[in-house]
Amino acid sequence: MQPLLARIADRRAARSEATLQADIRQLLLAGDFGLADSHLDVDLEAPAGGGRRIDIEVGYTVIEVKRRLQNGRPLQEAERQLSGYVRSRSQESSQRYVGILTDGATWRAYQLTGDSLTLIDSHVLAATRPDGLALFYWLEGVLATSQRVRPTPAEVARRLGAASTSHKLDRAALAALYEEHAQVPTVKLKRQLWAGLLDSALGTQFVDDPDLFVEHTLLMNSAHIIAHLVVGIDAMDLQPQDLITGQRFDQARILGVVEHDFFGWTTEVPGGREFVQGLTRRLARFDWLRADHDILKVLYESMIGAETRKRMGEYYTPDWLAEHLVDTVVTDPLRQRVLDPACGSGTFLFHAVRRYLAAAEAAAVPLDAALTQLTKHVVGVDLHPVAVALARVTYLLAIGHERLTDQRDAITIPVYLGDSMQWRERRDLFSEEHVRISAGYNASEVEEWLRFPKELLNEPSRFDQIVAGLASIAAKPREGNGPPSLNAFFHRMKIGPDDQPMILSTFEAMCRLHDEGRDHIWSYYLRNLARPVWLAIDDNRMDVLIGNPPWLVYRHMPSGMQAIFKQLSQDRGLWRGGQFATQQDLSGLFVARAIQQYLCDGGAFAFVLPNAALDGKHYEGFRSGRYKDKVEPTEVAFSGSWDLRRLRPHPFPRGASVVFGNKAATYSPRSLPSITERWTGHLGVDARSWKQVAPSIQRELVPLGRASLAESPYKPHVHNGATIFPRILFFVETDSGGRLGLGAGRRSVRSARSNLEKAPWKDLPALEGVVEAEFIRRVLLGESLVPYRILPAKEAVLPLDGDVLMAGPGSRLDYYFGLAEWWRRAEAIWETHRNSARLALAEQLDFRHKLTTQLPAPPLRLVYGKSGMHVAAAIVDDPAAIIDHKLYWVPIATREEGLFLSAILNSTVLTELVRPMMSYAKDERDIDKYVWDLPIPRYDNANPTHRRLSESGREQHQTVAGLSLVEGMNFVTLRRRIRAELTRHPATSEIEAIVTEMLG
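Residues 1 to 1000 (this note's numbering) are what the sequence shown spells out, left to right.
A hint or two may mislead.
Straight-line distance between alpha carbons at most 25 Å, and here's what the computed BS3-like set of lysine-lysine pairs gives [claimed, not checked]:
| no. | residue 1 | residue 2 |
| --- | --- | --- |
| 1 | Lys617 | Lys476 |
| 2 | Lys758 | Lys886 |
| 3 | Lys762 | Lys566 |
| 4 | Lys886 | Lys866 |
| 5 | Lys168 | Lys617 |
| 6 | Lys168 | Lys886 |
| 7 | Lys758 | Lys630 |
| 8 | Lys886 | Lys715 |
| 9 | Lys929 | Lys866 |
| 10 | Lys630 | Lys617 |
| 11 | Lys715 | Lys929 |
| 12 | Lys188 | Lys376 |
| 13 | Lys188 | Lys630 |
| 14 | Lys617 | Lys376 |
| 15 | Lys617 | Lys762 |
| 16 | Lys566 | Lys630 |
| 17 | Lys566 | Lys617 |
| 18 | Lys628 | Lys617 |
| 19 | Lys691 | Lys630 |
Distance ranges between label pairs, derived from CB positions [stated by the list, open to error]:
| no. | residue 1 | residue 2 | range |
| --- | --- | --- | --- |
| 20 | Gly196 | Glu268 | 16 to 22 Å |
| 21 | Arg129 | Ala182 | 42 to 48 Å |
| 22 | Arg253 | Arg478 | 40 to 46 Å |
It is worth saying that the hints were derived from the structure and are not from the lab.
Every residue, glycine too, gets a C-beta built ideally from N, C-alpha and C.
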């Protein structure tokens, strides 16, 4: 295969187009593209009418081959030719065709947008050592001809993820379809309803953006198709309308799996049918019957961008942990009603369903009764529509194909799209006797309401059948002017005489809505919007709350959401504020609010939370167990916790824990115990079940870190460095100034660039100018520090007049022409590209006074790194140096004191002691001030142990100072080398012993 790829990629070779066509055909036949299984031919010179011939045709793809693709007229002519082929084939077959233009080295994928051919994606095959696997996945994404692909996490991500050619083609096609039909009344209505529900659910996180609506439509259509495939329904045999509306599930009386929702507009507009067929063909490549239920998490994560998941604070729970948590908390599954209020793709629901059904089988409960009761005992809610769609499929997989027989009544999958937090309370949906939803205003500008007796929501399956049945009857052709009789319907659905007038009135409104073209998805809207509110009514509250709530950090919330979060937290005594404000996250408030709204008195809860919930100061209010809401004060009795920080590899991108307790009623309020169960161990990469994982985990009861330690007296004097960001506006390199020079006291500078820059700053041109030398200051960054040693500083333009930051009216900035010109241009760039919520440039530079606090600097300072797998520290004896926010600093009186602290902070035992307290992202840990939660004593020269530690620190410092370090070497590599040198140092064993005894 490699010689064939090399021949195809070599544009310099003397070859004809016919030879290249033959080679590409051979590649398609030899590669694992599933052509034999799908009985597809790879045709050369396929007739296209009018004497034209398509170079290569396979499935729904046409390939035009050129000896060499060149920009300009040759490329335009090739695209025009390909456009004709794609258009004619699409018209002939009523299918969505894709075109490929290639010269063997460059591969370009196109599809029609209206009548125009649009480039969607491209791939370059290197002439030397061509990557056949990368080309295979690119080509297979276009062809979509593979069959029975096993849906492993890697294959799902490669073939369906946001970076795949499949995804790009489908998204581009759908975006064009929406743009063409956005003003169609039914499409407009569905987007309006989608925006209304998500605005209610997400609050300030939600932005009514057409691109987001297209993304959700694509993902939801995909989820609906997959729902059919995972239960063995041949989606290729179904009409697109039936796939997207779930008619087959409705016929089987399995409700709530696929609903007629906001996203069914694709089957209602010209071209939508072809789009759904193409999407189905791409998804049907997989053998979904062989899918493990956790593959839906992979599907969600590969389709939803990492930034979106970060914005929502989503971190998915491994199956083994969810399984063990369910087994631990759900002790009486046939009697306890379980809710996951942030269910994601349904991991906890899967294990709760399995636990209930196993108990029902052991108790000899008949299958039909077990399934009917199950949907009242295990319930999920989430605010992301795609997560909800996948969670419903997960729920179905938990029930299992073998139980979905004819020997059962109708069942409804109880997973709802809704706002468990209730950012905006919707008590208006319920009166004393009924639930209602506004259907908007009629032609007479009178608001119309759909009303149902409130007790119908006690039986979700029956409620769904009633609403869906009324909508179906209202949509049928009618004789005469009035609505049809509902007598038979009332009898079939067992609706009593007292409820019939309200149902009849709602039905008449549905008929009017249908006649006006406004009838589409009210049942879906009502079911999802009302259920979380209904669950919060006293008689409906659950016995167990379990799950992994969003870990959305305050600093990543939009400003409007920050304000609401702060108010809700303050109302419940959860707000810490001050230096901890930006560290607080949504999870603590979410749990408190979920317990308040959805848990019955005495009910149990278990939630996966960030590790800071166990000992972080910003969680003190949460750990107290007393949430003093004025409307409904809530108290809990915490019963224990699991500390998961020492598991490897980490189950989450941040340190995690689990907290347990009960809603205080029969229990007395109790704060989180100071003893936790600490888990340590190395987990297998492929471990999924608790049975596989349990032998690898050691569990022991230990005091929580901060509960058993006294803070260091140094802690109040420790400061974080200045936020000198974005670097392009401050950090500089010096130019020569030319042959004539610049005169005394001035320097020619330009922005120092880095490959670590992010958008929008990385795309901006460098600043250049001539600045007075006194305003070019040495700055120590995180990369300037290795154990015991400071590397050469960087330089930055900083408007500091002595100890004063010059900015704003009345400053002396304009006295310095070069500096003023640089600063004004920097301010203009900042104002153009900054996030609207950010501070002015001067406020950013001196955020929390972290710059001016350094001025005037003490003669000696100790600095240590803000983050890293190991703590590193060194003495700074340059008072003119400014310290960046990637470092922390503390003033020291003498060099002996600095060496004493350096020996402690650079020791291995110090890192091991502080590591469990740290938060982390991937492998980089956030050290921050956690070091000083250890009882590091203030240096006492009269203490022999302190003097000995200082002297040992001096010996190690001299060794590091004598090392020859390669200029320009990565600081991480340098740190690793120095740590290796210190491991062999004669003083190390004594330092480790002293620090161990000193810190306990």
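Would you check the hint for Lys758 and Lys630, treating anything up to 25 Å between C-alpha atoms as holding? violated (44 Å)
Agreement of Lys168 and Lys886 with the hint, judged by alpha carbon distance not exceeding 25 Å: Between Lys168 and Lys886 the Cα gap is close to 38 Å, so the pair fails against 25 Å, i.e. violated.
25 Å Cα cutoff - pair Lys929, Lys866: holds (8 Å)
Is the Cα-Cα distance between Lys715 and Lys929 25 Å or less? holds (7 Å)
Is Lys628 within 25 Å of Lys617, Cα to Cα? holds (19 Å)
Taking 42 to 48 Å as the hint, is the beta-carbon distance of Arg129 and Ala182 inside that range? holds (47 Å)
Given the hinted pair Lys617 and Lys376, is their Cα-Cα distance within 25 Å? At roughly 39 Å apart (the allowed maximum being 25 Å), Lys376 and Lys617 break the hint.
Quickly compare the C-alpha distance for Lys566 and Lys617 to 25 Å and report which way the hint goes. holds (16 Å)
Pair hint Lys886 and Lys866, alpha-carbon separation not exceeding 25 Å: Holds, because 5 Å separates the two Cα atoms, which is no more than 25 Å.
Take the C-alpha atoms of Lys886 and Lys715, compute the straight-line distance between them, and say whether it is at most 25 Å. holds (17 Å)
Taking 25 Å as the top limit, are the C-alpha atoms of Lys691 and Lys630 close enough? The hint is violated at about 45 Å.
Between the alpha carbons of Lys188 and Lys630, is the straight-line distance 25 Å or under? Roughly 41 Å separates the two Cα atoms, so the pair is violated.
In terms of the numbered hints stated before, the structure departs from hints 1, 3, 5, 6, 7, 12, 13, 14, 15, 19, 22, listed from lowest to highest.
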